[in-house]
Every structure is written in structure tokens, then in C-alpha cells.
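Novice: Chain by chain, the residues run as shown.
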Amino acid sequence: MAIKRGVPAILKRKHRRLILLLACGLGLGSATALVLSAFRQNLVFFVLPSDLAAQHPSPERTLRLGGLVETGSVHRSTKGKEVDVRFRITDGHTAVPVTFNGVLPDLFREGQGVVALGTLGADGTFHASEVLAKHDETYMPKDVAEALKRKGLWNPAKGPPPPASTWNTLTVPVTTPAAAAPTASAGERQTGY
Amino acid sequence: MTHLPFIAASYALAVLVPAAFGLNAYQRLRRARRRLAALSGHGHKARSAGNP
Amino acid sequence: MSPSSVKAIAEPRGAPRRGWHRFANPGRFLRAASKVQPWLTAFGVVLTAVGLIWGLFFAPADWQQGDAVRIMYIHVPAAWLASAGYLMLALCSAASLVWRHPLADLAAAEIGPIGAGFTALCLATGSLWGKPMWGAWWVWDARLTSVLVLFFLYLGHITLVRAFDDPTRGYRAGAILALLGVVNLPIIKFSVDWWNTLHQPATISLTGAPSMYIGMLWPLAFSAVGYACVFAALALAGTRAAVMERRIRALLLAEAARAEDSVPGAADALETQVPA
Chain E
1 MAIKRGVPAI LKRKHRRLIL LLACGLGLGS ATALVLSAFR QNLVFFVLPS DLAAQHPSPE
61 RTLRLGGLVE TGSVHRSTKG KEVDVRFRIT DGHTAVPVTF NGVLPDLFRE GQGVVALGTL
121 GADGTFHASE VLAKHDETYM PKDVAEALKR KGLWNPAKGP PPPASTWNTL TVPVTTPAAA
181 APTASAGERQ TGY
Chain S
194 MTHLPFIAAS YALAVLVPAA FGLNAYQRLR RARRRLAALS GHGHKARSAG NP
Chain P
246 MSPSSVKAIA EPRGAPRRGW HRFANPGRFL RAASKVQPWL TAFGVVLTAV GLIWGLFFAP
306 ADWQQGDAVR IMYIHVPAAW LASAGYLMLA LCSAASLVWR HPLADLAAAE IGPIGAGFTA
366 LCLATGSLWG KPMWGAWWVW DARLTSVLVL FFLYLGHITL VRAFDDPTRG YRAGAILALL
426 GVVNLPIIKF SVDWWNTLHQ PATISLTGAP SMYIGMLWPL AFSAVGYACV FAALALAGTR
486 AAVMERRIRA LLLAEAARAE DSVPGAADAL ETQVPA
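Residue numbers (my numbering), protein chains in the order written: chain E, 1 to 193; chain S, 194 to 245; chain P, 246 to 521.
By construction, these hints were calculated from the structure, which means they are not laboratory data.
Please note: incorrect hints may appear among the correct ones.
Stated by the list, open to error - Pairs of lysine-lysine, DSS-like flavour, derived with a Cα cap of 27 Å:
| hint | chain 1 | residue 1 | chain 2 | residue 2 |
| --- | --- | --- | --- | --- |
| 1 | E | 142 | P | 376 |
| 2 | E | 142 | E | 158 |
| 3 | P | 434 | P | 376 |
| 4 | E | 158 | P | 376 |
Could you put the whole structure together from the sequences, leaning on the hints where they help?
Specialist: Below, the structure is given as C-alpha cells:
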């Protein structure tokens, strides 16, 4: 009898420990969620051109500006290995002119997401000391990209490509020019930089 | 192949890190099995000597 | 509370608990694990080899990243396993704290170093990928920072579990740390959606179609499943070794006690040195 009464007592203790653990988890989780939402603004890696226009940061403050390289805005003047480059970073609403002297990452191109580290001059030009390229989450072979561009289904300078399901059937190398894919407006899937 | 040094370093790590863990686990298992065999054999003898 | 109502509370969890506690018997665990482990190891090695060779030599290069995209076949599985391994560590810790499962502590102590190894692999390959693509070895964005925190959580667990003379206290402290660290897992997962990061958002999600060419998806699937099997095999092998090492210690203590028994008065002196 003593054993029979002991078994539920042990179960109850385990039950209590489980409830205690779940309560601690709930408390910790909600505390973390509150802290994270409070610091949401401070956790961003870069600011957008619209934020920059709204904030007017002081010229000596170093900050990171992120967005897409505006199509047709890139002007390079090569001096040896390093390049003097001028371009504009846009988020679709506001564009900020950027100057940079140095080595650009391999992925830098028009329409590419970039993050520039630097200061905002009094004339509204952003002087970058470092430019990082942000690549999107799409992985696509070169031949497929060429085929999409050739067929006018996608312009890399304008936005991200159509969904993978529409070009997975394109073989590498492309031999079927008739592989019809539904035309997706490249601009409408523009990611929210 | 573009970016060969970066790719080569990554694939070297990809093989070496799990292999190091695997080798360590294998040696631990082998050592434990040997010691256990030696100990239980020894214990068996001691017990049989103690209780004829 | 009447006995029947206590039983009603206890009953629903009774069945799964009995299931896990089958393996509380170390002999039964060792027999089952020694049967499963060779298969797990073989599957893991073969699938990983297929995935990595496919990814390195046969998968197409990316249109803008070139061949550097081949680092993905290592980096992505390592990142997934870094998080999944921590989840396993947390589950073992819960099983230890709530149900006092005797194997959970040993398993948690073994998962810690392996998880740290895979997190280090993820960070190192990420760095090797970031330099040529982004233009930086490291940036302090939310994704990279939260994965670094995960690495430190693993290191903290490894140290804490081994920091006490009484192993039970070490396991208890490690389990609490592991459970506190679980809040970091959703932060890692959603960091790329919640904040502006340099790291790109997820390519493969449970809800939507992956935005990756099918010829790149297959080798990634192989290496991901392969690495998962390798991780599980390593954790299982470590736990087997730990169970055997515990048995060796018990046998040595028993033998020492027997030897001291024959010397009158010495058993009391031994008793004070040996923890109960």
C-alpha cells in the first residue's frame, strides 16, 4: 500500500516540475519578446534612404546605408586597381547619391542590394568608406539566367527573378526555346529594402 | 573554378571537423570496451575466488 | 485530492514516459544503440559524400556568385544542424530536469561539443563565403550575431557541465543554461525577417516553394540529410562511450570497496572519499 501511494506522489512531483519549467519558459519568452521589440530600431544593420531623409544625421556620424543600386546610376572612373565610383542607392521612394573609392565586391551591379558604410555630407551625398554587396535568396545557374534574360522574362537590374518553379524545367544547357513560362512582372516582387 | 581557395578551405573543414569528432568517438568507444572487458573479467575472477 | 484524480492527471503522460524509460536501463540502451549506430554512420557518410561531391563537381555554378555558391552545400546543413542540435540539447535538458531520465544528462553532455563543432563549421564557412561575395569576413548583423551567441551558449554548456566536482550539479546547471538559451533559436530563425540584415532571407521555407534551381536543391538535400545522420551517429557513439565509462567507474569503485573490505577499518576511510 505504501508503494502504491508513493507512485502518484512521484508523478505529481514530476508534473509540478514540468509546470514550473513551462512557466519559466513562458516568462523568459515574453520578457525576451518585450526587450526585442523595445530595441527593434537599434538592431537594424543599415538604414534606408527614406530613413536618412527623415533623420538628417550629423555629418560626422558614421552609419550604414542600405538599398538597391539604382539602374543607370553607376559611373566608374578607374585609377589602377581601385575605382572611383558614383551611384545612387534607392529604396523605391528616395534615392541617395553615393561616392566610393576602393575595391567593390564581386556581386556589385545595378539592381543589386548593397550596404554602404560612411557619412552623409552637407550636400546630401553619402561618402562611403566600405561597400558590401547583399545577395538575394535566389540560386540559379548562369544558363538559366541567360535564357530568362534573353526571353525577356527577367531583367536583373529591375528586380528579383520569377519563382523557381517557372524556370526549374529549363535544362542546362538550354535546348528548348519553347519552354514557356508565365510572365511575371519583375518589379512587382521587389523586396522591401 | 572561381574563388578556389575559399571553396577548398570550406570543403577541407567540412570533412575534417566531423572526421575529428568521429575519430575521437571511435577511440573512446574502443578504450571503454577494452577496459570494461578487462574489468569484468577481473571482477569475475575475484568474485569466484571470494565465493568458492 | 483523491487517488483517482491524481491518476487522471498522471495517466496521459504515463505512456510516453514509460516509452523513454525503457532506455533508462543502460544495458538495453547499449544493445539498441550498438545495432542502430553502424547503419546511421554508414548512411551519414555515404549521403554526405554524395551530396558534397555532387555539389562540388556536378552542380551548376550560380549566375552571379559563380563557383562560390558551392560553399552552400556545407554552410546551410551546418547552420540547420547547429540549431537542431541545440533543440536536441534543450529536449534532453527538459527530460533531465522534469523526468530525471538517467540517459538525458549523458546525451546532453555529448551533444554539446558536437553542436559547437557544427556551429563553428557554419561560422567558418559563412566567413569564407562572405569575404568573396559580400566583401567582408564578418559583419555584426542580427543573423551572424545570434549564431555567434548560439556558439557561446554551446561553449557555456560544455564548461558548466564539467565545472562541478559533483556531476549531478553540473548536469543540473547545464540543463538550466540550455533551456534559457532556447529563446535564441527563434531569434536566429526570424532575424533575417525582423531586421535589416546583410544576410539574405531564407531560400527554403516550410510554407513556400524554394527559390533555388532544382539541380542545386538535390545535392543540398543529400548533404543536409547526410550531415544530420552524421550528427546523430556522433551523439549516439558519444552517449554509448559515456554509459560504458560510467559503468567502468562503478566497477572500479566496487572493486576498491571489496579490496578495502578485507582490511578491517579501511572501508570507513574509503566511504568518505567516494561520493554516494
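Novice: Name the hints, by number, that the structure is in violation of.
Specialist: none
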